[in-house]
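Novice: Take these sequences, add in the hints, and give me the full structure.
According to the numbering used here, the sequence shown is numbered sequentially starting from 212.
If you're looking for bench data, these hints aren't it; they were derived computationally from the structure. Be aware that a few hints might be false.
Quick list of simulated restraints, FRET-style, between CB atoms [claimed, not checked]: (1) F232 x F318: 13 to 23 Å; (2) E333 x P291: 15 to 25 Å; (3) A260 x E335: 30 to 40 Å; (4) T238 x F318: 17 to 27 Å; (5) D296 x A260: 10 to 20 Å; (6) L273 x E322: 14 to 24 Å; (7) S266 x G301: 24 to 34 Å.
Bear in mind the structure is a predicted one, so any value in this text is a computation, not a measurement. Backbone N, C-alpha and C fix where the C-beta goes; we use that ideal spot for every residue, glycine too.
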Amino acid sequence: MKLHLNTAHGIHLITARGPGFIEVNRTRYMTSLLLMADSVQPWAISDLASLTRESVAEWVALRPELVLIGTGEQHRFPAPERYRDLLEAGIGVEIMSTDAACRTYNFLAGEDRRVLAALIVEPEKRTPK
212 MKLHLNTAHG IHLITARGPG FIEVNRTRYM TSLLLMADSV QPWAISDLAS LTRESVAEWV
272 ALRPELVLIG TGEQHRFPAP ERYRDLLEAG IGVEIMSTDA ACRTYNFLAG EDRRVLAALI
332 VEPEKRTPK
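Specialist: Structure below.
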């Protein structure tokens, strides 16, 4: 998926997404990411099963108005208790595939919304030759 970079705001935006990577402002990352307009952090998770309530609770301190959880190639739902702390803090949560989360993040960040994208990048599947 190719996305177009809007650098007018000087914020982190997703410029491309493909199997095993996400590109932010034309820098390619081969790992899952926690992304906000002002920060890009590697996230040590490779699948939705690794998502813990403790890791999600740390996001409350970042004070986003909305968290987008990109669940990888497929749209899956984590158990609600894993993101309960966000809801209790009044932070919205949307769960979608990573591709959809990338598109939604760019739209919201471009409107100066305080959004956190937690994007799972699954390792690229290699087919045997």
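Novice: Evaluate each hint against the coordinates.
Specialist: Hints, one by one, checked against the model:
1. F232 x F318: 13 to 23 Å: Once the Cβ atoms are compared, 21 Å apart, the range 13 to 23 Å for F318 and F232 holds.
2. E333 x P291: 15 to 25 Å: holds, 22 Å
3. A260 x E335: 30 to 40 Å: violated, 19 Å
4. T238 x F318: 17 to 27 Å: Given a distance of about 20 Å, which is inside 17 to 27 Å, the answer is holds.
5. D296 x A260: 10 to 20 Å: With Cβ atoms ~19 Å apart, the hint holds.
6. L273 x E322: 14 to 24 Å: Holds, since L273 and E322 (Cβ atoms, about 18 Å apart) stay within the stated range.
7. S266 x G301: 24 to 34 Å: Roughly 19 Å apart at Cβ, these two residues miss the hinted range, so it is violated.
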